[in-house]
Structures are given as C-alpha cells and as structure tokens.
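Peer 1: So for the first sequence, this note's numbering puts the first residue at 20; every next one is plus one.
Treat each hint with caution, since some may be false.
[What the hints assert, rightly or not] Below, computed lysine to any residue pairings styled on SDA-like, alpha-carbon distance capped at 20 Å:
hint, residue 1, residue 2
1, Lys136, Phe179
2, Lys464, Arg380
3, Lys281, Gly316
4, Lys184, Leu209
5, Lys475, Thr338
6, Lys79, Ala33
7, Lys318, His348
By construction, these hints were calculated from the structure, which means they are not laboratory data.
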Amino acid sequence: MARYVTTTLPYVNADPHIGFALEIVQADVLARTWRLQGEEVFFNTGTDEHGQKIWEAAEKNGQDVQGYVDHYASEFRKLKEALALDNPTFIRTTDEHHKRAAQEMWRRCEAKGDIYKKTYTGLYCVGCELYKTEKDLTGEGFCLIHTNLKAEEVSEENYFFRFSKYADQLTKYMSRSDAAIPQWRRGEALTFVASGLEDFSISRKKERLVWGVPVPGDDTQVMYVWFDALTDYISTLGWPEDIEGNFAKFWESSRTLQMAGKDQVRFQSLMWQAMLMSADIKNTDQVFYHGFITSGGQKMSKSLGNVISPYELVSKYGTEATRYLLLRHVHPVEDTDVTWERLDEWYTANLVNGLGNLVARVMKLAEEHLPQPVELSLDDTRIEELFLEHLEGFRFNEAMDLIWEHIGKGDAYMTEQEPYKKVKQEHTKADGIADIERLVRHIAKIAVHLTPVLPKTSVAILASVRTNTKPENLFPRST
RNA sequence: AGCGGGGUAGAGGAGAGGUACCUCGAGAGGCUCAUAACCUCUAGACGCCGGUUCGAUUCCGGCCCCCGCAACCA
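Starting from the given sequences, assemble the full structure and let the hints guide the process.
Peer 2: Following this line, the structure appears as structure tokens:
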C-alpha cells in the first residue's frame, strides 16, 4: 500500500522553528520506516507564503514580497540537508499550480452551495490589522496591544464557508478512533463541534489583503490564507488534473497522515476536513498532533530571547544528534522543556559515552583481533517487531529507548566477558574472539535499528563492521 | 469562567492495577578494550484528601498548584 505523510506548511514570517524541526523529523522517520518496508511513500512539506502579515513584513524589511518569500522558502528548504530528510516534496503556496488548485477547491465548494457572501461587522484595530472581539479590548474599546488606538467599527462584505453544515459529518468523522492522535485531541475536536460551529470567513477585500490568491469570479476579493494553504496537501499531488496519477495513488487509495502541532486541531481535523467533504474528496485518514517545546519553562518567543533554532542545534551537535535529541528526549505528544544545559547532558551521556563509545571499544577489539570482517546473517539485520510497533504508534521516544537498552547491554557484556583479557591468553583466546564477534553483531543490530532514526550513523557503523575497522569518533566530545 | 494537559528520588524525564525505570548528580567498589569512557553495588520519589479493590502511585471523585487555548510562534 502506498503511504502519504505531510507536515503543516510553516508560515514564512519567521525563521524555521525548532517545533517545526520536530514535526518534520517525526514525519521523516515514518517516511523512512515505510520506505524500508518497501512501500511507496509521498512525503510532503513546503511553505505557506500568502497573507497580509507577510506583505507587511516584506515592506518593513524594504523588500519586494516575492524576494522576501523566496528568501524564506530557501531557508526552509535548507532543512532537508540540515536534518537529513529523506526526499521530501517541497511545495510553495505561491506556486502557480497550487494557486490554480486553491481556486478549483473554491469552485467546488461554491458549486456545492457552501460559499456565500455576508456582511461582517466588527471592531477593527488598524494597528493589528485584525478584527477584535470584546475580550481583546479594554472596557473603553481600546486595543490591548495598541493601547492608544480605539478599535473602529468596520463593515466588510466577505465570502463565508458553511462550516456549520458539516457538524454531523464531522462528528461522524471524528468518531473514528484513529482520526486523531493522541486520542484526547479527538475529544477536543468533538467538544468543539458539539459547542456549535460558526461559518468562517474565507476571503478579504483586496484593499485589505493584497498578497493572496484571487477569488475566482470576483476581482475585489482575495482568499484568506487558511483556505489557500490547506489545499496544499492535495495540490502537491497534482490535484485536480492529476496528470501523473499521484493524487489517485497517494491520496485516494493510500493511507494518509498529516503531522501538526497541538494547536492545529480546529484547522486540520475540522476546517480542512469540512472543505474536503464539501469538495467530495476523501478525508485525511489520520492527523498526528505533537506537543510543544518550551525553554526554561516558557514558550519560546523572540521577545523572551529563549528561542532555540534548529540550525543552532545542528551547528552545535550535528544533524544526527539533533535528530536524536528531538526523537528521544522530546516527548512525542506532551510538551517538553529544553535548555542548552540539558541538551549537553543528553548528548554527552547517550551519544558520546553511550553509542559512540560502545562502537569505538567494540570495533577497536575487532580491528585488532579478528582476522576478517564478521559476516552478518539475516538474523543480525532483522528489525524487532516491538521497535516497529513503537514507531507506527508515534512513540518515537520508546523506540529509541529500546535501542539504548541494547547499548547498555553491550557495555555490560563487555565488562562481564572481558574479551580484552581473554585474547591475551592462549587458552582463552578463541573464547575471546567469539565474544568480540558477538559484540560486533550486536552493534550491527543496533545500527540496523538506527536506520530510520539516525540514518548517517547507521551507515557509518555498518561500514565500520563491513571493513572491520574502528571508525573515527561518531560523536565527538563537545568542549 | 470554560476546555484541554500535567504534578514521579537533589535536578530533568519515562512508565504502569501487584519488584516503579532512564539520564545527570551523591557515596562505595571494580575494570583498562574504549571518546578521562565502561561495569557493579548503595542512599533517595509517585502533590493532598476520600472512594472502588485482596491490593492504587496507576482507575474514580474532590481539593491545591503549574502550563496551553491572546501575542513575533509549531
């Protein structure tokens, strides 16, 4: 069966966030795991590039918008190299094909009678360029952020999507036990639907939102970013024309998975699913919601100055260690607090002293005492069922724990059997050599399990086993 | 207010109806193959109060605290 996995598309008004790195590394591990099992996989990511905020950010930087989004698109594209991502397809919502797809999505919903025009009256803060509700304003009607600006009452005619019409269908969809992971996010979505759905606005007047996809058949309106961006999950597959057949293969007749942050439940599991229902397209089979990474007990934010960027992680610890830290020490679905101090600790304890050191001590003995490389058997390279179950169940941390359990066992075996002593005495030499061979098989088995999670390390260990040589330090001690 | 998540040794985390596990740190031994690494042993913990149960830290209820749902942001 073909498989499909996508990240959400990050909005390009800031540098890549560590939370997005988490999301895309998790997606990558799944894509790699499936590919190892011989499945055909479509792995999608990209950038969300429309919207008023981006227009403004570009103006603020004195850049033209296209140049601005091009710059960010390339910043996000670099993640592929930095995080060793296995061949993701990279879509930009400013791609011509994507814009046509978004317009086709609009036409389909419209044909279904799910798009209508309505005058919206609200309190608008010019500073924020956003409509505000009463709780966003002071008692006197001033904006909480721009405290010197009084929100103005503004009326605007926009297009709305009949979200409310899909309440029953969404409830039914969310009743599938695997529609959202973890389970409690499903509960959240169901509660939200039960509380009553309000149709949402899907366009803005062109004067207010210049940088967006034009609404088909109405030059005065532009699509609001959500409507446009969500469509990327299928436009990336070539929908609607589907000349190459990817949509049929990877969406319609495959098991589809979306990865997203925990704040995305409403958008991914409800709004987007309602749009698909309206357009008569198959719903996403499963959406996985990861937790957030905090730093020093607080949400990362530029103003607090506690942002840890994925590129900083990679330049300090390297690609493989960054993947390791994200997969083992960040909880898949709960929030995790991360500080540089803790990152150093995990890196040294588990990669330098753990994995790296074990490989070094085993291969040093092998290089000196084995006459030839160990022949690996089929059994040495078989992946444990439990390991795969953990990965398929999004328990990346537990899958990693399993590997590190074996690393600990390798070290213990070495101390108990003392092959380094045995090889020095004629009458125990053969026994010592057999121990070393067993240890080499053991690290080979560890390497095989590392394939989807730490791909380069896995290759390095297996190469070292094949040539029977001690490798360069896999994880150098950081100074 | 409401909704959701969480409170586990000195620190940070995992886990689960019946010996509570991992990393760092502390104490005592051991080893020399290894990246001053590794192994063994020891001390030390399930927020509070009830309930269900033969048995609760785990399930249920109440309470107390922390975090997110608003922001440059995933």
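Peer 1: Is the Cα-Cα distance between lysine 184 and leucine 209 20 Å or less?
Peer 2: Distance of about 15 Å is within 20 Å: holds.
Peer 1: Take the C-alpha atoms of lysine 281 and glycine 316, compute the straight-line distance between them, and say whether it is at most 20 Å.
Peer 2: holds, 18 Å
Peer 1: Are the Cα atoms of lysine 79 and alanine 33 separated by 20 Å or less?
Peer 2: holds, 13 Å
Peer 1: Are the Cα positions of lysine 475 and threonine 338 separated by 20 Å at most?
Peer 2: Holds: lysine 475 and threonine 338 sit about 9 Å apart, inside 20 Å.
Peer 1: Given the hint that lysine 464 pairs with arginine 380, test it: the Cα-Cα distance must not exceed 20 Å.
Peer 2: At roughly 16 Å apart (the allowed maximum being 20 Å), arginine 380 and lysine 464 satisfy the hint.
Peer 1: Check whether the Cα positions of lysine 318 and histidine 348 lie no farther apart than 20 Å.
Peer 2: holds, 17 Å
Peer 1: Taking 20 Å as the top limit, are the C-alpha atoms of lysine 136 and phenylalanine 179 close enough?
Peer 2: OK: lysine 136 and phenylalanine 179 at ~6 Å, within 20 Å.
The structure meets every hint from the earlier list without exception.
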